[in-house]
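Using the sequences and the hints, build the whole thing.
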Amino acid sequence: MFIDMHCHSVSSDDSRATVEQYLKWVQVLRKRGHRVDGIVLTEHRKFDAGHDYSSLASQYGVVVLKGSELDTRYGHFLVYGVTDRLLRAVNFADVAMDAVELVRYARECGAIAVPAHPGRFGIGFIEYIDGGPDFSGVEIVEYLNGGSRRGENERGQELADQRKLLGIGGSDAHFVSAIATCMTEFPRAIHSEGELVEGLYAGQFRPVRLEETNHQSPG
Amino acid sequence: MPRYFDDVEMGEELGPLETTATDASVREFCEVWGTGSANRFTDHEAARKEGLTGAIVPGIMSMALLSQLLTQWADGGSVKKLDVVFRQLVPHNIPLRIVGVVTDKNQVAGENLVECDVYLETGQGDRMVGGKATLSLPRKE
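Taken in sequence, the protein lines are chains A and B.
For the first sequence, counting from 1, position 153 maps to 282 in our numbering; every step adds exactly one.
For the second sequence, counting from 1, position 107 maps to 209 in our numbering; every step adds exactly one.
Don't take every hint at face value.
Just the calculated beta-carbon pair ranges, DEER-fashion [to be verified]:
no.: 1; chain 1: A; residue 1: 214; chain 2: B; residue 2: 241; range: 47 to 57 Å
no.: 2; chain 1: A; residue 1: 318; chain 2: B; residue 2: 129; range: 56 to 66 Å
no.: 3; chain 1: B; residue 1: 125; chain 2: A; residue 2: 161; range: 36 to 46 Å
no.: 4; chain 1: A; residue 1: 295; chain 2: B; residue 2: 188; range: 31 to 41 Å
no.: 5; chain 1: A; residue 1: 187; chain 2: B; residue 2: 106; range: 26 to 36 Å
no.: 6; chain 1: A; residue 1: 185; chain 2: B; residue 2: 181; range: 24 to 34 Å
Here are the simulated DSSO-like pairs of lysine-lysine, each with C-alpha atoms no more than 30 Å apart in a straight line [as the list claims (entries may be wrong)]:
no.: 7; chain 1: A; residue 1: 175; chain 2: B; residue 2: 151
no.: 8; chain 1: A; residue 1: 160; chain 2: B; residue 2: 151
no.: 9; chain 1: B; residue 1: 183; chain 2: A; residue 2: 160
no.: 10; chain 1: B; residue 1: 182; chain 2: A; residue 2: 153
no.: 11; chain 1: B; residue 1: 207; chain 2: A; residue 2: 153
no.: 12; chain 1: A; residue 1: 153; chain 2: A; residue 2: 175
no.: 13; chain 1: B; residue 1: 183; chain 2: A; residue 2: 175
no.: 14; chain 1: A; residue 1: 153; chain 2: B; residue 2: 183
no.: 15; chain 1: B; residue 1: 183; chain 2: B; residue 2: 242
no.: 16; chain 1: A; residue 1: 160; chain 2: B; residue 2: 242
no.: 17; chain 1: B; residue 1: 151; chain 2: B; residue 2: 242
no.: 18; chain 1: A; residue 1: 153; chain 2: B; residue 2: 151
Simulated coverage check for chain A against chain B, where a stretch passes if three residues somewhere in it have a Cβ under 8 Å from a Cβ of chain B [claimed, not checked]:
no.: 19; segment: 148 to 156
no.: 20; segment: 293 to 307
Calculated directly from the structure, the hints in this document are not laboratory data.
Quick caveat, the model's predicted, so the values are computed rather than measured.
We put the beta carbon where it would ideally sit given N, CA and C, even for glycine.
In structure tokens:
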């Protein structure tokens, strides 16, 4: 199953795409022979608990899950499996939160926090990992990010290789046509945030580019 | 030749429009805009004093370049809206690519509207400015 693990709808202040526009674009990608099974909305500094996308998901045949992208003093972190307990424990709007605490709270609350675009120059997780706090709780990084500049994903992958971290992929889409440019392949079907967290803790997944899903490509 | 709504399909690509915002062309733009005196847009030293690595292209000029792609493509139509997000500073004197793609088409209140994503990229494809545009196109009789 191919899931875009990182995208932003108009609920984030810097995105210009609605969820329905993303799902319509997924149909264009499918017509081109690509495979896209799901997306995870990771809005900036918030969790959209009140939004229900189940009817859109059903209409377009795309799994739509929700997570968050939080600012921390050690870079951005994607959070999957957000629960009420985690929302009570962590102020999602705090742009200077302690990422170590976030990772710990997330695990305690049945969620998981993952550094986003860790190789980003100046602000990525890689800038803080040496000489910083103990990040041994981080086991996964998003080293395939569709919004990265040249060299940033390579830096992230190098970090993952050195520290034996697992990698996920996400488009980081803020515009319609960027959805699903990078995704994560899971061996099992995932239809809920809980199954997504289980899949991540199981450790069986890999980051993929959209082009790798094209079953119509020759050879 | 006019671009007709009937012929446009989702996923259709616009451009690329390739250009370079040179020191001279930015200065010329700023003179027309009314900000021609030495500043972070027109003078590398003034930009460095503000902590930049060199002079940058004004955001409104980046929008003008995106609009140029749209108006060239939508011959016979018009740009109804251009909503832009500035992701990175755009430096002078590097090759720029302006590209777009049709993401939707709808008929609303008698108008034939086409939605596009547009991007201003470096020559290597790194996206510095992104936008969402709404165009109105004529229909074939």
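Here's how the hints hold up against the structure:
no.: 1; hint: A:214 with B:241: 47 to 57 Å; result: holds, 55 Å
no.: 2; hint: A:318 with B:129: 56 to 66 Å; result: holds, 58 Å
no.: 3; hint: B:125 with A:161: 36 to 46 Å; result: holds, 41 Å
no.: 4; hint: A:295 with B:188: 31 to 41 Å; result: holds, 33 Å
no.: 5; hint: A:187 with B:106: 26 to 36 Å; result: holds, 34 Å
no.: 6; hint: A:185 with B:181: 24 to 34 Å; result: holds, 29 Å
no.: 7; hint: A:175 with B:151; result: violated, 36 Å
no.: 8; hint: A:160 with B:151; result: violated, 51 Å
no.: 9; hint: B:183 with A:160; result: holds, 28 Å
no.: 10; hint: B:182 with A:153; result: holds, 22 Å
no.: 11; hint: B:207 with A:153; result: holds, 11 Å
no.: 12; hint: A:153 with A:175; result: holds, 25 Å
no.: 13; hint: B:183 with A:175; result: holds, 28 Å
no.: 14; hint: A:153 with B:183; result: holds, 21 Å
no.: 15; hint: B:183 with B:242; result: holds, 23 Å
no.: 16; hint: A:160 with B:242; result: holds, 26 Å
no.: 17; hint: B:151 with B:242; result: violated, 55 Å
no.: 18; hint: A:153 with B:151; result: violated, 47 Å
no.: 19; hint: 148 to 156; result: holds (count 3)
no.: 20; hint: 293 to 307; result: holds (count 5)
Violated hints for the displayed structure, listed by number in ascending order: 7, 8, 17 and 18.
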